[in-house]
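Protein chains in written order, with the numbering used here: chain F, 1 to 302; chain X, 1 to 321.
No lab work stands behind these hints: they were computed from the structure.
Treat each hint with caution, since some may be false.
Derived DMTMM-like pairs: lysine to aspartate or glutamate, alpha-carbon spacing no greater than 25 Å straight-line [stated by the list, open to error]:
(1) X:22 x F:184
(2) F:182 x X:213
(3) X:18 x F:48
(4) F:171 x X:26
(5) F:110 x X:116
(6) X:161 x F:48
(7) X:22 x F:179
(8) F:13 x X:26
(9) F:110 x X:315
(10) F:289 x X:116
(11) F:13 x X:215
As the structure is a prediction and not an experimental result, all values here were calculated from the model.
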Amino acid sequence: MVKQRKMKIRQSKLTISVHILSYLFIALFAIACLLPFWLIITASLSTETVINQTGIGLLPKRFTLDAFKYVFRSPKDLLGSYGVTIIMTVSGTALGLFIISMAGYVLQRKDFPFRNQISFFIYFTTLFSAGLAPTYLWITQYLNLKDSYFAVFLQLLMSPWLIVLMKNFAKSVPFEITESGKIDGAGDFRIFLSLVLPMLKPALATIGLFLALGYWNEWYQSMLYLTSKVAYKPLQYYLYAIVNQAAAMKSSMAGNNVSTGALPTQTIKMATALVATGPIILLYPFVQKYFISGITVGAVKG
Amino acid sequence: MKKTIRKDNLKASAIKKKSLAKQIYDSRILILMCLPAVLFFIMFCYCPMPGAYIAFTDYNYKSGIFKSTFVGLDNFKFLISSGNLWKLTRNTILYNLFFIAFGNLLQIFLAILLSEVKNKLFKKVSQTFMFLPYFISAVLVGLLAFNFLNYDYGFLNVIIKAFGGDPVAFYSWVRAWPAIIVIVYLWQQTGYGSVVYFAAICGIDTCMMEAAEVDGANVLQRIRYITLPSLKPTIIILFLFSIGGILKGNFGLFYNLVGPTNAGLFGITDIIETYVYRAMMNNFNFTTSSAVGLYQSIVGFVIVMFCNWCVRRIDKDYSLF
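Turn these sequences into a full structure, and let the hints guide you.
Written as C-alpha cells, this is what we have:
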C-alpha cells in the first residue's frame, strides 16, 4: 500500500518535471525564434550613431523615429515596389488558384481516362529539370521576357506540389457530388464551378496563402530577370538591393569619393525590412491554421 | 465506401474499352480544364530542357545554343579535373545530411514536448512564434543573421563584449560557417517542420495512452513505447524523401547568409545552386553552369527514383508514383 503510493508520487514527480521541461524548452525555443525580429525592431528605432558605437540592444538605444521618417521621406520607390508586389500577389494568387483548382479537381476524377498520364507529366518536372542556365536562356532569348514583370509573375503561378496538394484536397469531395451534377445535366465545368469549388474553400484558402506568400517573398526570379531597367523592383528584391547595396558600396568605397551620408545606413535597412515584411507578420497569426493544414494534407505526398 | 470504389473501377474499365479518339472527345471539357496547367509546365519546364545541350558545347552568345560547336564531355572533364564538381557535391550532400539529421531530431523532440503541453493558450502562442521564421523571405533571413553576426554592432558581439571578450569577425571566420548555416536553417525550419510530427502524434489513438497510464507506465515510458514507435513510419518516409532531395540545395538561405560578394566564404559554403548561379550571372559561363546543372538533375533523378523504390517497398500508399 505504502509502496504503491510512493510509486504514484514518484511518477507524478517525473511527470511534473517532464512538463516543466516541455514548457521551458518550448518557451526558450519560441523566444529564440522571436528574438531576431525583436532586434530588428529595436534597431530600427535606435539612433544610428549609438548603434554603431555600442551595437544592437534588447531595447531601442536613444529612441528615435528618424529611420522611418527617412524611409517615408521619398517613398516613391518603396510605394512603387509595394504596388508591384501587391498587384502581382493579388492577380497571381487569383489566376494561380483558378488554374490549380481546375487541374487538381480534374486530375483526381476517377472517370477521367488521362488522369495518371497528365499527373505524371506534371510531376515529372520535379524529378528532372533543365537547370538554371537553359531556363534562363529560354526565358530571356526565346520568350523575350528579360526585364519583364511577366518573367517573375508567370513562373510563380503554380508548382507541381500545389497541384498535388489540391488533388489531395479534392479527393475528399465525394464523387457523388459530381455524379449528381451530371444527372442534373450540368457540364463538367459547371459542376466544378458551382458544386465542387464551394466545397473546396479550405483548400482554396490554404493554396491561395501559399501562392500569396510566394509572390510576396519573391526576390529570386526578380534578381535573375529584372535589371535596373524596370521602374520598380518587387518589394523583397527592393529590400535585397538596399541590404546589399550598402555592403557593395562599402567595399568599393576606399578610393572613390562617395559620401557615407548617402548610403542606406543600418537603421534605415532595418526600417525598410520592417516595412517590407510587416504585413505578413501582422496577417500571419490569423491565417496560420491554413498553412498547418497545408503541410499535414500535402506533407508526405509531396 | 468500398462499394463506390468498385463502381468507379467498373466505370473506368468501361471507359477503357472506348477508342482513344472517343475518349478524348468525351473528356474534352476535362482536358480543356487542365490544359492551362499543362501548358504552363510545357512552357516553363519542358521547353527549356533541350537547352541542356549547352552542357556539351562551347556555347557563345552569337551562335546560339544549337549552332555552337559540340565538344562532347569536355565541360564535365574540366569540372572533374578542377575538383569543383567533387567539392560542390560534397558540400551539398554534407549540408543536407546535417539539415536532415539535426532538423528531424529537433522537430521530433519539439513535437513530443508540444504534445505534453496541456495549456492551449501557451501551445497556440508558442507555435505562432515558432512558425514565424518559416514565412519570411530569404532576404530578411540574411539581414536578421547579419544583425547577429556583424563585427561592429552585431548582437552576438554585443554579448561577447558585455562579458569582456573581444568581438569576433564572423564573416571572415571561415570554419564557423557550416555551424552558422545549420543553426540558421534549424531556426527557420524546425517550428514549421515539427507540424508533421505533431499531427502524427495527435493521430495516435488516445485509448493506447490511457491504457498505458492505467498499466502504470510513466510519461517517459509512454513516449518510448507508444509515441516513438507510432512515429516510425512517418520518420522513415520523411527521411527517405529528404534523402531523395539530397542533391538539391536551398539557394536563398545560402546566398543571402553568405552575401553575394563575400568570396572568402565561397569555398566552404558553396553548394551546387549557388555555384550554378554565380557561374552564369557573374562569369557568364553558361556551359559550366549548365554542365553542373545537368549533372545535378541526372544524379538527383537517380537518387529520387531509388528512394521512391525504397518507399514503395515499405508502403505503396506513400510512394510518389
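Status of the hints after comparison with the structure:
Straight-line distance between C-alpha atoms of residue 22 of chain X and residue 184 of chain F comes to about 23 Å, which keeps the hinted pair within the 25 Å bound. Taking the CA atoms of residue 182 of chain F and residue 213 of chain X, the gap is near 53 Å; set against the 25 Å cutoff, the hint is violated. Simply put, residue 18 of chain X and residue 48 of chain F have alpha-carbon atoms about 75 Å apart, too far for the 25 Å limit, and the pair is violated. Distance check on the hinted pair: residue 171 of chain F and residue 26 of chain X sit about 22 Å apart at the alpha-carbon level, within 25 Å; holds.
With a C-alpha separation of about 42 Å, the suggested pair residue 110 of chain F and residue 116 of chain X falls outside the 25 Å cut-off, and the hint is violated. Of the pairs offered as hints, the one joining residue 161 of chain X and residue 48 of chain F holds, with about 19 Å between alpha carbons and a cut-off of 25 Å not exceeded. Between residue 22 of chain X and residue 179 of chain F the CA atoms are separated by roughly 20 Å; this keeps the pair inside 25 Å, and the hint holds. A distance of roughly 68 Å separates the Cα atoms of residue 13 of chain F and residue 26 of chain X; the hinted pair therefore is violated under the 25 Å criterion.
Taking the CA atoms of residue 110 of chain F and residue 315 of chain X, the gap is about 22 Å. The hint holds against a cut of 25 Å. For a cut-off of 25 Å, the pair hint linking residue 289 of chain F to residue 116 of chain X stands: about 20 Å separates their Cα positions. Pair hint residue 13 of chain F plus residue 215 of chain X holds up; C-alpha atoms about 18 Å apart against a cutoff of 25 Å.
The structure does not agree with the numbered hints 2, 3, 5 and 8 stated previously, though it agrees with the rest.
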